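Visitor: Now for the letters of each chain:
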Amino acid sequence: MATKTWVISTSGAATIPSDFSSVVSVECIGAGAGGAKNGGATAGGGGGGGGAYAKSVSVTGMTAYGTVYTNIGAGGASATAGGNTWFNAASNATPTVTSQGALAQGGQVGGVNIAGAGGTTAASIGDTKFAGGNGGA
Amino acid sequence: MIFLRNKILGYTYQATSGGGGGSAGSSVGAGATGGAGNTSTNVSGGGGGAGAANATTVGSAGASPSTNAGGAGGNGGGGTGGGAGATSSLSAVAGTAGTGGGGGGGYYNGGNPRSQAAAGGSGATIWTAGVTTGTILTVGFGGGGGGGGVSNSAATTGGASYASGNGLYTGSGGGGAGGYPASGIQNGGHGGDGIIVVTYNTLAPRTLYWVGGSGTWDTSTTTHWSLSSGGGGGQNPPNIGDTVIINGSSGSPTITMATSLLCASLNTTGATCTLNFSSGGTFNINASLILSATTTWTTSSAVTLNIKPLATTSSITTNNIAFNNTAINVDNTSNTNACTTTVTGNIVSTNTATGITLTGGTAVGTKLTIDISSGSQIKAPSINIPNKYLGITFGTTGSLYFNGAIGNIASTIDNTNLSYTGTPTATVVCSSSYSQLFSFIGSQTVAGFNYTVSGTVGVGNFIMQGTGSFSNGQSVNNLDISGITAVTGGGTINIFVFVYGNFVGTNASYSAIKYGSLVFSAPSGTQTITSNGFTFGQINLGGGSTVQLIDDLTCDTTWFNSVINVNSGTFNANNKNVTTPSFIMSGGSTTMGSGTWYLHYNNPSHSFSNSSFSISGGTLTINTANIIIELNGASGDYGQFYGGGYTYNTLTFNAISNINYYIGDTNTFSALKSSGFANYAIYFAATATITIGTWGITGSAGNFVTVTGDTPGTPSPLVYSGTKVVSADYLTIAHTTVTPATLTWYAGANSLNSGDNFGWIFTAPPSPGNLNFLQLF
Chain A
933 MATKTWVIST SGAATIPSDF SSVVSVECIG AGAGGAKNGG ATAGGGGGGG GAYAKSVSVT
993 GMTAYGTVYT NIGAGGASAT AGGNTWFNAA SNATPTVTSQ GALAQGGQVG GVNIAGAGGT
1053 TAASIGDTKF AGGNGGA
Chain B
749 MIFLRNKILG YTYQATSGGG GGSAGSSVGA GATGGAGNTS TNVSGGGGGA GAANATTVGS
809 AGASPSTNAG GAGGNGGGGT GGGAGATSSL SAVAGTAGTG GGGGGGYYNG GNPRSQAAAG
869 GSGATIWTAG VTTGTILTVG FGGGGGGGGV SNSAATTGGA SYASGNGLYT GSGGGGAGGY
929 PASGIQNGGH GGDGIIVVTY NTLAPRTLYW VGGSGTWDTS TTTHWSLSSG GGGGQNPPNI
989 GDTVIINGSS GSPTITMATS LLCASLNTTG ATCTLNFSSG GTFNINASLI LSATTTWTTS
1049 SAVTLNIKPL ATTSSITTNN IAFNNTAINV DNTSNTNACT TTVTGNIVST NTATGITLTG
1109 GTAVGTKLTI DISSGSQIKA PSINIPNKYL GITFGTTGSL YFNGAIGNIA STIDNTNLSY
1169 TGTPTATVVC SSSYSQLFSF IGSQTVAGFN YTVSGTVGVG NFIMQGTGSF SNGQSVNNLD
1229 ISGITAVTGG GTINIFVFVY GNFVGTNASY SAIKYGSLVF SAPSGTQTIT SNGFTFGQIN
1289 LGGGSTVQLI DDLTCDTTWF NSVINVNSGT FNANNKNVTT PSFIMSGGST TMGSGTWYLH
1349 YNNPSHSFSN SSFSISGGTL TINTANIIIE LNGASGDYGQ FYGGGYTYNT LTFNAISNIN
1409 YYIGDTNTFS ALKSSGFANY AIYFAATATI TIGTWGITGS AGNFVTVTGD TPGTPSPLVY
1469 SGTKVVSADY LTIAHTTVTP ATLTWYAGAN SLNSGDNFGW IFTAPPSPGN LNFLQLF
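Going down the list, the sequences are from chains A and B.
Add 932 to a position in the first sequence, counting from 1, and you land on the number used in the numbering used here.
Add 748 to a position in the second sequence, counting from 1, and you land on the number used in the numbering used here.
Just so you know, these hints were derived from the structure itself, not from any lab.
Hints are not guaranteed to be accurate.
Said to hold, decoys possible - Some but not every residue of chain A turned toward chain B, in silico, with C-beta under 8 Å: (1) 940; (2) 996; (3) 1007; (4) 1025; (5) 1029; (6) 1038.
Said to hold, decoys possible - Over the 10 Å line for every Cβ pair with chain A, so calculated as not near, a few chain B residues: (7) 940; (8) 987; (9) 997; (10) 1043; (11) 1299; (12) 1372; (13) 1418; (14) 1452.
Values in this document were obtained by computation on a predicted structure and should not be read as measured data.
Every residue, glycine too, gets a C-beta built ideally from N, C-alpha and C.
Chain A with its partners taken away, still in its complex shape (with noise of 0.2 Å):
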């Protein structure tokens, strides 16, 4: 028995790789923030928030050829926040609890002169969490 890693970067049904056995786990990153537009004359605009990190070792229900469902959250454009990402092996929506897998907030954004703040921990769910970078300004 070997250990792989899937790594998905496209939202929608993904189907199990054939070789799968058992879950170690899913981890998540949160998309990053744009950055702030500038305010003009004398006024940088603020760095956007990073995305945060959430890991589930608890996922249950996977199986080789099975289907689980993604979101990658999108790269916020300037002055745009982050999209979360998640991992559901149970239902094609944001997942609720570890078993079902993980979710990680995107960024926030920031304004002129003030800095986007990071993915919370709060609003992601795994059984390992982490926020964000806040953005410079």
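Mind docking chain B on chain A? Use the hints.
Guide: What follows is chain B alone, placed relative to chain A:
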């Protein structure tokens, strides 16, 4: 286990005068430094983008803008430093892929152009979507900060924090936009997308036997899978790690194949079976495929067979069964190893859409070598070789076979990372029902394939060329198209290749213009051209070999670019006749031999811009060859002769239209003649001296020939070196000075003196007796 690299790399700064936006790359968890303010105008830089969190740390905040700095980008995780900050009037350089953000532009306090901050660099490619057993590095990068604006130019937006080229992004925040002192709002940089990584344990590989006769191979039916030959069923269907065996104990099954199947290996040795892809689909194998001669491969719709090795060796044994309607891909891009795939028997695809694709690895270390030295053919209408690291071991009997008889040949061969050993041989069978297009990318310095082409070319044409029309793209060793028996339906043969061996043409005739370019490129030795009546476009000599004619050579006299061009090496006409609109030699050597060189262009609808004959370098051996120039081009064309100072035999201008001729440099001719009947002119350069042993240029009533220098007031010198006199008639003469100046140059009673002439006598020559008397004085 997933491995996460969370080391945070430090920023680097480089202070420069003036305030531009500085930025720095980082690994995941660190934000980029913001853009610097402009100290002279007190403009703020944009904020740095934040880092995403990773497995062990909270993401780091982006740094605030610095001042007085057009900073260099720092180290991106796994990448190198970002673009440097600008100074003076130079714009900052953006970070490139795999780097941290680009540095901001420095402020130039006076004059233009004002400097600009640079965009943040893209991040490194950190993940490849899909399943892998390799270590994954969560290498990220901060977005570049926005640059400070200057008085008359906009601030640069914050650099993006994602790799826009590969579609795989990370969750770092984008850099903010820098301030701008005059007006205008700039956008901040784009944040990176999120990502998911699933780590899982794999099943142990199994050897699964098909049992119980006919049935369905899909992803759910367990009836026919056993852990022992002829044993009981009940096992889960194969996964990508399993070996599948169908043998004599399987019950001679007809197996209905589902649309998406996979296994490590498939072996039907000893079995009589049918693999029935009734619904088409994809079949993935990652080690070996061994099929018995009594295996039948049937399809009702198109199937894709992917053989994607994961180890250092794999094998394909076909027993020559036909993979009907199956696109076959041998592909090493998923392999972390260099691999040799040994082929036994022919791989035959009758798929008319995509045929066979041979895809090597992504680097030298993952090169795929396909060994067909056992004599295997890789046979399909289309054999495509994309730019990957691929080797083919041909041995003495292996070959590629382009079977255009069953579909279009639309092959693309990228030579960039292709290598081969043995005798690379390709057989091409053309069909009038399909097109035959070989498109070659990249060039080779090795000999290339031996191509043997046969069949009938139709309206789809037979084309060998580089990317884009009319460009050389492929090296071939020997190219033999003598097997083309006919060209029908307005078809053509257009070949643009570098030839390292011999060329043999076809006698199949057709009326279209004959394009093409053969560049004979061998560094030494002798290369031969056997035309068999084939009409060429361009013949170029670019190597060090001797290119020798076996029979008469003809380049298309209706294509304005037709030419024999000798740059190096030796062109040996070998006493054969040569017909071409143009012969140009700038280096190397040419042996003209005893044949006739007929420099003929005949296309009044298109201007002919080349010289008919031009020697500007190299060594010319004329032997006994005579030259005829005949031009029937567009109005204003000239038949130009630049002989390079040699002594020629007979040069004849054959006038079939009013097109003029020109001798542009000093040469000697044993005879200079005209033929044909038309009103035309022969120009002589004022800077050249033409020495003539026999003057044979004369007109006729109603068809005057103009003999003239090219510079009024500077008569062109003509020297008679014969033992008699010049005798002509019906000439219009201007701007020439002839020697000997007395009693030699008789223009004839009907010729016209247009002035600026010296030495001509405008009468008929005296009778021989009187001539001898006069010459005494």
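Visitor: For every hint, state whether the structure bears it out.
Guide: Hint by hint, here is what the structure shows:
Contact between residue 940/A and chain B, as hinted, is supported at the beta carbon level, the nearest pair being about 4 Å apart and thus within 8 Å. Hint status for residue 996/A: holds, given a least beta-carbon distance of 6 Å to chain B, under 8 Å. The interface hint given for residue 1007/A holds, since its Cβ lies 4 Å from the closest Cβ of chain B, which is under the 8 Å cut-off. For residue 1025/A, the suggested interface contact is broken, since its CB lies about 15 Å from the closest CB of chain B, more than 8 Å.
Annotation: interface hint on residue 1029/A violated; nearest CB of chain B at approximately 17 Å, more than 8 Å. Interface restraint check for residue 1038/A: the shortest CB-CB distance to chain B comes to about 7 Å, inside 8 Å, so the restraint holds. Against the 10 Å criterion, residue 940/B falls within the reach of chain A, whose nearest CB is about 5 Å from its own CB. At roughly 4 Å from the closest C-beta of chain A, the C-beta of residue 987/B falls inside 10 Å, breaking its exclusion from the interface.
At roughly 25 Å from the closest C-beta of chain A, the C-beta of residue 997/B stays outside 10 Å, upholding its exclusion from the interface. Taking the minimum C-beta to C-beta distance to chain A, about 23 Å, the non-interface status of residue 1043/B holds against the 10 Å cut. With a least beta-carbon separation of about 62 Å from chain A, residue 1299/B lies farther than 10 Å from that chain, consistent with its non-interface assignment. With a least CB separation of 75 Å from chain A, residue 1372/B remains clear of the 10 Å interface cut-off, as annotated.
Every C-beta of chain A lies more than 10 Å from that of residue 1418/B, the closest at about 79 Å, which supports listing it as non-interface. Every Cβ of chain A is farther than 10 Å from the Cβ of residue 1452/B; the closest lies at roughly 79 Å, confirming the non-interface assignment.
Violated hints, in rising order: 4, 5, 7, 8; the structure is consistent with all others.
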